[in-house]
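Novice: Each chain, letter by letter, is given below.
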Amino acid sequence: MSVERLVGSVQTVPILPASGRDPLGPSPAAGFAESLGRLVGSVEATNQQANRAVAGMVDGTGDVHDAMIALQRADLTLQLTVQVRNKLVQAYQEIMRMPV
Amino acid sequence: MPTLNAALDASASGLAAERMRIEVAVSNLANAESTRGADGRPYRRRDVVLASQPVESFDSALGRTGAVGVRVASIVEDQAPERRRYEPSHPDADKDGYVGLPNVDPAEEMVDMVSAARAYQANLTAISLIRDLIQRALELGRG
Chain A
1 MSVERLVGSV QTVPILPASG RDPLGPSPAA GFAESLGRLV GSVEATNQQA NRAVAGMVDG
61 TGDVHDAMIA LQRADLTLQL TVQVRNKLVQ AYQEIMRMPV
Chain B
1 MPTLNAALDA SASGLAAERM RIEVAVSNLA NAESTRGADG RPYRRRDVVL ASQPVESFDS
61 ALGRTGAVGV RVASIVEDQA PERRRYEPSH PDADKDGYVG LPNVDPAEEM VDMVSAARAY
121 QANLTAISLI RDLIQRALEL GRG
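Taken in sequence, the protein lines are chains A and B. The letter at position 81 of the first sequence is residue 81 when you use our numbering, and the numbering goes up by one with no holes. The letter at position 83 of the second sequence is residue 83 when you use our numbering, and the numbering goes up by one with no holes.
The reader is advised that the hints may include incorrect statements.
A partial selection of chain A residues facing chain B, derived with a Cβ cut-off under 10 Å [stated by the list, open to error]:
#1 T61
#2 I69
#3 D75
#4 L76
#5 Q79
#6 V84
What the hints contain is simulated information worked out from the structure, not anything from laboratory work. Every residue gets a Cβ at the ideal spot worked out from N, C-alpha and C, and that includes glycine.
Could you build the full structure based on these sequences and the hints that come with them?
Specialist: Printed below as a string of structure tokens:
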């Protein structure tokens with residue numbers, strides 16, 4: 001992602017939306033499923049980076065440490081995603097056990 | 001994982017820079033006796049010039065000071081005069097019988113190499129520390 005684009009998007013976000021809704025509160029459209037989807041997407045992205053780095057190391061264009069760091073990054077992102085998923089399932093089961 | 005990623009990138013740039021220092025020191029050692037290079041002159045000792053460079057991160061995009069990495073700015077040739085040795089039978093000897101040898105001091109290169117290797121190790125230690133910190137933070141979720 002280019003930095004200019006990031007800065008641009010940061011500057012155009014209004015501090016308070018016109019509706020007066022809390023900007024940090026959940027927006028109606030972006031649910032938990034979407035953020036979980038984004039997390040899975042970042043796992044996929046770091047995985048591909050790790051694959052590229054290892055391929056680069058094998059064919060001699062990349063460094064060993066770059067490949068290892070990419071692998072670690074992919075591993076940590078996966079762990080984070082698994083933790084978030086565990087918490088989600090845990091919360092779901094908690095609610096399912098609730099007597100009605 | 002945006003928070004410690006910039007620190008990881010800075011350490012990775014340090015690893016790349018130290019690897020280049022080791023590469024250059026090894027080239028100097030290997031060519032300590034090379035009497036002809038690409039230009040026909042004796043090999044000249046090379047030196048790495050390092051420059052700091054802010055890591056592209058969320059902080060730097062917002063104009064805040066974030067992690068600062070390092071990059072190899074250039075590789076320069078040492079302009080010290082070449083060593084001369086009397087050896088009239090050598091094919092590269094001049095008309096007085098002296099051969100021009102590279103301005104490489106093997107002891108100095110060894111010291112450079114050890115210092116670069118130690119710096120590389122220091123960066124590796126920093127990376128494994130950052131990895132451990134992220135992992136410990138993730139352990140907050142298990143419980």
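Novice: If a hint holds in the structure, say so; if it doesn't, say that too.
Specialist: Outcome of the hint check:
Nearest Cβ of chain B to the Cβ of A:T61: about 13 Å, over the 10 Å cut. The hint is violated. With its C-beta approaching chain B no nearer than about 5 Å, A:I69 sits inside the 10 Å limit, and its interface hint holds. Below 10 Å, beta-carbon pairs count as interface contacts, and A:D75 has one with chain B at about 9 Å; its hint therefore holds. Given hint, A:L76 at the interface with chain B, holds; its Cβ is 5 Å from that chain's nearest Cβ, closer than 10 Å.
The interface hint given for A:Q79 holds, since its Cβ lies 5 Å from the closest Cβ of chain B, which is under the 10 Å cut-off. Because the beta carbon of A:V84 sits about 8 Å from the nearest beta carbon in chain B, less than 10 Å, this interface hint is met.
When held up to the earlier numbered hints, the structure conflicts with hint 1 and nothing else.
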